[in-house]
Structure formats: C-alpha cells, structure tokens
Amino acid sequence: MKRLKKSAGLYLILLLPVLYFGIWHYWPMYGVQIAFKDFLPGLGIWGSPWVGFEHFERFFNAYYFERLIRNTLAISFYGLVVGVPLPIILALMLNEMRSKKLRNVVQTISYAPHFISVVVIVGMLLFFISPTSGVVNGVIEMFGGQSVDFLADPDNFWHLFTWSGIWQSIGWSSLIYTAAMAGVPPEQYEAAYIDGAGKFRRIWHITLPGIRPTIVILAILAVGGVMSVGFEKVLLMQIGSNLETSEVISTYMYKSGILNAQYSFSAAVGLFNNIINFILLIVVNQIARKVGETSLW
Amino acid sequence: MAMVNRSKGEKVFDAFNLIFIMVFSLIILYPLLYVVLASFSNPAELYKNPLLFWPQGFNVESYKLVFENPDIWIGFRNSFIYTFVGTFINILMTVLAAYPLSRRDFFGRGIFTFLFTFTMFFSGGLIPMYLVNSSLGLVGSMWALVLPGAISVFNMIIMRTYFQTRIPRELEESAFMDGCNDIKLLIKIVLPLSAPIIAVMVLFYGVGHWNNYFDALIYLSDRNQFPLQLFLREILVKEEMENMLQSASDTGYADRMLAKEGVKYAVVVVSALPLLILYPLLSKFFEKGILVGSIKG
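Listed in order, the protein sequences are those of chains R and X.
Last residue of the first sequence: 305 (the working numbering), numbering continuous.
Last residue of the second sequence: 305 (the working numbering), numbering continuous.
Just so you know, these hints were derived from the structure itself, not from any lab.
By construction, the Cβ of each residue, glycine as well, lies at the ideal position given by its N, Cα and C atoms.
Hints may contain errors.
Just a few of them, taken from the derived set where beta-carbon distance is under 8 Å, the chain X residues facing chain R [what the hints assert, rightly or not]: (1) Ser-33; (2) Pro-58; (3) Leu-134; (4) Tyr-138; (5) Ser-160; (6) Val-245; (7) Leu-281; (8) Pro-282.
Chain X on its own, in the form it takes in the complex:
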C-alpha cells in the first residue's frame, strides 16, 4: 500500500502495535528459553535464584543423567518407529482416499464424501473404539497406535482440494487418451506433481505421531513398547524417576531432589531436539500447508 505520509495518529498506532507485538513475542519465547537455560544451570544455584537470563553456573550433569537412562533410549527408538510407520500409512491412505474424491467424473463421489466427512462430526466414542481394537487383537500392539488414525478427514479434504486445484485436468485427459488407467495416472502423473502437499502432510501427521501419548497410554502396557511421550509423562508429570537417579543415590536426599529438578529441564530439551533441529527448515512448509488448507474445498 502506498502511503507516503502517515498521520500522527497512525504513527502512534504503529508504535503501540510494535510494542505489543514485542511484549507478546517475549511471552511466547521466554518460557522456551528458560527451559534451555535452566537445563544448563546448576540446580542448587537455580533454586536460590530462579529468574534466569543466563545459566546459573554451567553444568551438563542433568544431561548425563538423561542420556544414561535406558528408558529415554527405548522411548526414542519406539517413537521413531511409530512415527515412521504411522506416517507412511497416513500418507498412503490419505492419497488413496483423496484422489478418487477429487475426480469430478467419479461415480458415487457425493456418497463417499458424505460417509467420510460425517465421521468428523459424529463418532462412536472412546469405548466402542477400544472394543473394536480389542476384538481385532490390537491391544498391546503398536498397530493400535497407527491403524485407527490412518486417515485424518481434515487432512484428506486439504489433499483433495489440492488435487482439484493444482493438477491440470487436461493432463489427466491426455493421459487417458494415451491409454493410461486410473492407477497408473495416480502413480505416474498425480503423485509426482503433489510433492509439496505430501511434504506438508508428512509434517502434520509426523508431529502428531511423535507427540501422541494417549493411545499408547490406553493400548500399551509393556514398557519396552512405550513411546518417548509416556516416559516423559512419568518424569515430568508424575515425577517418577527414581531409577534415573540411582547413579546419584550415594548423595543425600536434598541433592537428589535438586538433581531431579535439573533432569526435568534437560529431558524436555532432549525430547525437543529432533524438532528443534528441523524447525527452521520446516516452518516454511507448515505455513504453506495452512495456506493450502485455508483454500476452502
């Protein structure tokens, strides 16, 4: 917008706007920063002086305790597996559902669209879902974490809209002329043109799997199968970390309480590490994804 002269009122407005935005950014950022600073701090000094702008005495003891804990490694391994397998299933199934619904010449398109989207608004609920998974023998298996949520209807609609608006119809028609069938068309022409939306979906679904704790809480009981989030729940929320502090058990009770505090901060940082590394790279995709999603289908 070309506004050469800003009036006095507008300058005041802009200044206040900027101040509010800066305060807001600080409110979002400070807790995140605090956790990182606290994780490197000496718990005893942190206890005395809790307001941090710089680590209170530098120490990596808390990180050592976190990395020495076998639970964390088990959790990381399982979370990686569940995220990888789960996201793969998500993408496959979402594409398979979204593509036929995007084709205007698909006979029965309206009925299937209704049947699929209806599940967004009404569901059997937790208990009937549990009973279904239990009759399928999925309780106690990782499949209970990756199959029931194979398709998010919301994501399916976003993908359908993408297919409808970004894949030129003429391309499909000419492929048919050349004797291409629907399946070939999907694999050879539509998918290669859909890399951006698939990338976005990988991120949406992937973050969902990585962060999920509730399904694991319901369906898993063997600690060797627990994802990272369940161990985090024990450490952060229920404060169960006695086995983690055994190596520090020769020290007194007070020291162990302090070590506990340090471990909590360090474990948050460690658990966020994969995302922290990827975040600058991913943020562009996330924004693009929500832009695609906001185009109404």
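Bound conformation, chain R alone:
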C-alpha cells in the first residue's frame, strides 16, 4: 500500500499511455470476437449474433485458400532465407574493411534506401522493369533481345518482391550487426591471431559467436512475422496478371474487409493469420531457449 502511494505520480504519468493501449490495442482484441459473429453495425459488436466457426470454414474451403497460404509462406520464407543471412554477411565484410573512413562511406550509402517510402520503392522498381521505357529492357534490346514484361509474369513476382526488399533493407539491417561486432573484445582476435588462426577461422570462431545473441533475437522476430509479409508493398506491386502468385492473406483480408465491407469474414481471416504468427513465435522462441541461451523471454 505504501509503495502504491509512493508511485501515485508515476500512475498519473502513465494515465495517457494506459488509455492509448486500452483503446487502440485491447479494444480491437475485444473486437476480434466478430470473427465468430455476423457483425451488423446497427447491433454493435456485443449485440451481433454468434455463428461459431462459419467464417473460418468458408475461408478454409474457398478455392483460393491454398493459393493464399502458398503465396504467403513462399514470399515469407524466401525473405527469411535471403533476408536473414545477407545483412550478416555484409556486416562481416564491412567489419573486415581496413579503411575506417571508406567503411563509413559505404555504410552510409548502404542504408540510404531504407528511408525511401515503399510507394517510391515500388515506383522505382516499375521504372526499371517497364517493358516500354525501363532501363533493364532497354539494355536487353540493345543486345538484340526481346523486351519482357517482368511484372505481368507471375513467375517473377516472388523474386522481384524479395530482391527489391533486400536492396532497400540490407544496409539498415546490417547496422545492428556491425554495432554488435564492435562489442567483441579485440583481445580475442589478437589471441587467435597469435595462435595462427586465419581470417576465415577468426570470423567463424570469434566474430560469429560474438554476435550470436543478436542473430538469434532478430531471427526469432523475423519468424514471428512470417505471416505478415510486407503487405503494403505486395498491395502496390499487385496487378491483375500476377495475382496468382501475389495475392497473400493480408492483401486478401484488406480487399474483403475494407473494400467489400465483409467485416466478420475478414476479421476471421485476420485472426487466423495472427494466431499462426503467434504460435510460430512461441515455438521458435522455445527452440532458441532449448538450444542456446538467448531467447525473447
């Protein structure tokens, strides 16, 4: 009681944030129940009738269900497989650079694209691969080839999406590893050097173990986001002819919910998505805890 009283001022400070989390985080969680109801705006969340798992069943049985799952997982895992190791490799290479000055210049260049908006990133991608005026096709034609409509071909979507994402984020993602590498004690390198360890062995036995906690934490967070692929970017890159590979759960949820006002159905799709993400996060965290000493909690 005495401690409670002593914290009164802090409670006052925390008042607005508590209100904020209540309204914009926990109220929507309460609203999730419309996934099991037929939401009618007139009746409100509470008054709308329960329908059980009807919306989920409709979603699971829909002909596009498999396609949505496949695209979501494929885009995510592609992103994980190249998106997790490449920034680490870049950080290692930057770390091995002998000129500090040059390293800073390269680093500053490398994360510049991080600050470009996703609209502009997609816009730029479209410039470059445009079949009529893009530089890529321009070069192909210069060498006597045929112009290709890259975006319209569903076979290209995953590659275009992933690699444009790498271009934008690799520098920024590598920053945190560079920071972690700066924390590895230099005596270790010196000792290894005296013991006759070459460059690769020093990287393998000292640098990488030194940044392992950072790698594990970031990898867990990345897996936890598997189902929510950069959906704003997918939405921008979608055109009718690439839907086969570009439609993911979240874009579908946006279309059925916001554009077609099927609130309950769309909330069910969203809930399904969030639960899978949540489970993945817990599982990966648990594995990390068992295998190594680092985990989120």
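Using the hints, position chain X against chain R.
For chain X alone, coordinates are given in the frame of chain R:
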C-alpha cells in the same frame, strides 16, 4: 588490431573483400543516381538510350510539370502537417510510457510492461482496428493517421533502456530529497538529459509518418486531405496523371507519353528532397539510434 605483417592469403582476402564492397555500393547507388539523371534528361533521348551515366540532353520540363501540379503542393502541405502533429504525439506518449517503466521502484512495473509489450506479438488485426476508429468517428479525419500509432512498443523499449542506463539514479534520489515529485523530475531532470534519444525518436517516427500511405488509403477519401504518398501512388504506381499533363495536351499522344516518363522521375526526386537535404545531417543520428537500440533491455 596490431597486425604488422599481413600474410599473402590475407592480402588476397582484403582485395576481394574490397572489390565485393565496391560492387555492392554500386548496386545500391546506381538506381538512386539513375533516377536523378533521368529526371534531368530529355525523355525522348532517354527512350532511345536508356543506360545513363550522365543526363541525356538537359531539361527541366519534367520538374516544371511537377511543380505546376496542385496535387503535389496539397500533398506536401498535408504530409508536413501529419508528420509534425504525429511525431509530436509520438514523442509525448512514448516518453510518458517509457519513463514509469524505467523506474525500478514503480509499483506494478511488471504488469504494465507485460500488457504493453504483449501488443507487439498479438493484435486484433486490421478489421477490428478499423471498426474501433470508425466508432470513434476517426474515419475521414487526420486523427486516424496519428492517434492509433501513437506509441511504437519497440521505440518505447529503446527509450526505457536509455532512461535506465543513462540517467544516474543518484540524481533522481537527490532530487527527491529536495522535495521534487515524479512529474517535476521527468520535466526538469530526465528530459533535458534525454535530448539524444529524443532526437533519434523524432527521426524514426518522423520518417514513418512521412512515408506512410496505407493508413491514409484506408481512412481518407477527400483528396484535399491526401498526404504526398497517396498522390505519389497515383502517379508512380497507377500512372494516373492526366490532370498533370493537361498543360502539355496540345502536343500529340506520343509526346504526352514521353512527358509522363519524365514526370515520374522528377516527382521521385522532388518527394525525396526534404530527406535528401537532411540525410548527411541525420545519418549520424540514425546510427546512434540503432546503437542505443541494440543495447538489450
């Protein structure tokens, strides 16, 4: 590291490393450079010779078309307002949330930390959030863009860690001895010592607001309220810019198609101008920010 004699293998390693880094820098830099060069080029010549290392014929016609377009000005104005107001709310709310959580003597610290961070891993999803904003009457208002995201939990944790590690506890204790209360303490002692982290947060949040298009897409329908990113989306992704080319409508179809190409490049440069000017200044802060963030809380 003092390594006087590099072995032959190490010299080879360093040389290859340098080459890879240089190629990498070029891959990051060239698309950015290309857009700038293309924006100053004569679209007709660009069409014939798309690979650029220097502008193809100098022209600022594209820029004229961009600046003559009222949408761009409306977008800039709105984006400035949303970024300014939004970032102000972000900073205020993040400080209010982070400070009590940083105090070890705060009764209930564990519960609030859990309730706040839990929202990082599970959320109601898009549709319940939309319904909440709709019941609050925020649809069609700028508040829907700045209130729901008032606190980023990730940034809140970074700030909490900063308070915990950089504000000397003795300072707080002696202030209490002098009869200071929690609110005074926050305003008079903690905030003045937190300028670096606040600067970093202003940049993180500010860039987020400036680049956001999706919230505006969902919640706004009046063109006079559109932020710059929505107009950019029309021009770059959907290629809707007929009203922009009206001044050039006396020319033929082919010329208008060419003008369209030029406008796209110029509008990217114009939209990136604020950041382009600030970038050299800001990059130091960004690096510092991620360093602070990498200290685990």
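Chain R contact restraint for Leu-281/X - C-beta distance below 8 Å: Status violated, d = 12 Å.
Would you check whether Val-245/X satisfies its interface hint, that is, whether its CB is within less than 8 Å of any CB in chain R? Where the cut-off is 8 Å and the nearest Cβ of chain R is about 5 Å from Val-245/X, the hint holds.
Would you check whether Ser-160/X satisfies its interface hint, that is, whether its CB is within less than 8 Å of any CB in chain R? violated (12 Å)
So, Leu-134/X near chain R? Judge it on the closest CB pair being under 8 Å. holds (6 Å)
Closest C-beta approach of Pro-282/X to chain R relative to 8 Å, hint status: violated (11 Å)
Closest C-beta approach of Tyr-138/X to chain R relative to 8 Å, hint status: For Tyr-138/X, the interface hint holds, since the closest Cβ of chain R sits about 6 Å away, which is under 8 Å.
Can we keep the Pro-58/X interface hint, with Cβ of chain R closer than 8 Å? Hint on Pro-58/X: holds, closest Cβ of chain R at ~3 Å, below 8 Å.
At a threshold of 8 Å, is the proposed contact between Ser-33/X and chain R supported by beta-carbon distances? For Ser-33/X, the interface hint holds, since the closest Cβ of chain R sits about 5 Å away, which is under 8 Å.
The structure fails to meet hints 5, 7 and 8 from the earlier list, while all remaining hints are met.
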